[in-house]
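Chemist: One-letter residues, chain by chain:
Protein chains: 2
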Amino acid sequence: MKALVYTGVKELSYMDRPMPQPQDDEVLVRVMASGICGSDMHAYLGHDARRPAPLTLGHEAAGVVVGGPDDGRRVTINPLVACQACGLCDTGRENLCARRQIISMPPRQGAFADYVTMPPRNLITVPDHTPLTHAALAEPIACGWHGVRLGRGVLTCDLSSARTVVIGGGAIGVGAALSLAAQGVGDITLIEPNETRRAHLADIAGFEVCGPDEPAMPAEGSADIVIDGVGFATTRASASTIARAGGVIVHIGLGEATGGLDIRRMTLQEITFIGTYTYTARDFAETAAAIFDGRLGKLDWIETRPLSKGHRAFKDIRAGHVPAPKVILTPEHDA
Amino acid sequence: MKALVYTGVKELSYMDRPMPQPQDDEVLVRVMASGICGSDMHAYLGHDARRPAPLTLGHEAAGVVVGGPDDGRRVTINPLVACQACGLCDTGRENLCARRQIISMPPRQGAFADYVTMPPRNLITVPDHTPLTHAALAEPIACGWHGVRLGRGVLTCDLSSARTVVIGGGAIGVGAALSLAAQGVGDITLIEPNETRRAHLADIAGFEVCGPDEPAMPAEGSADIVIDGVGFATTRASASTIARAGGVIVHIGLGEATGGLDIRRMTLQEITFIGTYTYTARDFAETAAAIFDGRLGKLDWIETRPLSKGHRAFKDIRAGHVPAPKVILTPEHDA
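So the sequences go chain by chain: E and Y. Last residue of the first sequence: 340 in this note's numbering, with the numbers rising by one and none dropped. Last residue of the second sequence: 340 in this note's numbering, with the numbers rising by one and none dropped.
Everything labelled a hint here was simulated from the structure, so no lab data went into it. We put the beta carbon where it would ideally sit given N, CA and C, even for glycine. Any given hint might turn out to be false.
[What the hints assert, rightly or not] Footprint (simulated), chain Y over chain E, 3 or more residues, beta carbon under 8 Å:
no., stretch
1, 99-109
2, 256-264
3, 277-290
Bound conformation, chain E alone (with noise of 0.2 Å):
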């Protein structure tokens, strides 16, 4: 089979690769739609110690069941295989499992290629109405959507009169900003500084954009949830500053590991700051079935380009020539 190979730093070829092969637990997923994720990018910049050269990364699919008795499933892939054992997994907190697996992370290949091994229990089945393109989102909303449920377990104010600002306005804080709405929040704002990309998203309905230097930038201490989707010390001292008294921060990104917050802003006015890492197994299938039901809106903001110049479209997302909050690669399957 093809696949996109991460072959060293700043290195990506598009080679012929072994066909995998399901082990006793597993089956065969001819992938037909997989997204280019930030840990993608962290990977292909050579910064992830977790994803040594070579392997094959991509991590967000959708795809056809190859083979058994489900051969011809439409299916959406949960790639976080959890071990169903511990204490952790008893209480449906899979994604903090310690002997989780992730799809592209070592001993698992990855899904920038024709084709993916999986556990029949993670994955989800896609009706004919929705587009695999649409259903590989599920991945990446599911991280916003996790994050909206545990922000809004911390609140005390009824959630469909909460004000909520969304810092990013990436696929991560898209999927959150469009979380909140089908979670049944009315008043989004999602602040991206990048005009291009506000451009690109003042069409998606569901939330206000706006960039950091216009007036309807929210007021110090006026939300209820901020929702960071970058993580660095610079939105994260937004975060903090725009958070109410008594308000939530929900932090899922990974830009830079230490620095930002208001501490004390924090402590006085009583706070809580929530680091959200992924999606728990329901989390995913509620935003699978959000997606299938049109609660997440059109999910017309991903780009598809083919998996073969899937290189060119790293390298375009890094000069910063993607409007689109996704790009999603699709596998050309021989054709």
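Since chain E is already given, all that's left is putting chain Y on it; use the hints.
Modeler: Chain Y in isolation, oriented as in the chain E frame:
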């Protein structure tokens, strides 16, 4: 009356002051016990712009109502006076009311004095068997009680099986540790770097005490709840290391405004950080009840000194010469 007045940086004067006059909604309380808080020390050192000299400090007080239908009633004082009209007050978060006042901060004088005035709703009756020096601990312990209540709200494991760590053996830390025990936690380790203080704390029932370099120091990723009762960058660094995946950091301290948190770890391990400030009326009442019925222990970790010798007490605390986590000043009332 006599009062211990903050007259300038590092200056406290035991002097005559006019008797306070209760407003329409207030009663006069004869102060019998008034604890020294870290925030009093902060003001005394000239570091709190909200507490300009001249000012009577002190906000951890118990005493006896003078005059009116409640004359002679023994009470402990909730020093936070909230507006009772805003959305935060309406939802039981009076501690975050933007119009809240506290005695010892203008326009309200503090309780290092023979008398103080308070609205009756801020007074809780102290039973005869409870010394007023113990009743005055309701305020500092309520900070920990509140923090534990916020922390348990986020925790997904049962509180009785939780492993917990408290950083700092001052009154906030000790109060938090005792609050954990009173709310059902069995496994509590308090970390205190000062050996003299540790020796003093070792006799308190309900929790273990250890130094940062001792074998009993909690391991990385071991605690369900970490309570930082200090709030320096170094203590926050410890907290974000010790907290386990899915765990909670409850942050009460105001030592330094920024820094220390390992935000990357908190994001990947889904650790929640709760900034907490003081206590609600409910927390204060619950803490007082727990003092009265013995759930917070013998409370023999205090040292009492006469109010007239208050300046000496401030100097001794600052010099590190006071092993007790709390010094309580007792007015002599012209004795």
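Chemist: Next step is simple, just say for each hint if it's right about the structure.
Modeler: Results of checking the hints against the structure:
| no. | hint | result |
| --- | --- | --- |
| 1 | 99-109 | holds (count 3) |
| 2 | 256-264 | holds (count 8) |
| 3 | 277-290 | holds (count 6) |
When the structure is compared with the earlier hints, no violation turns up for any of them.
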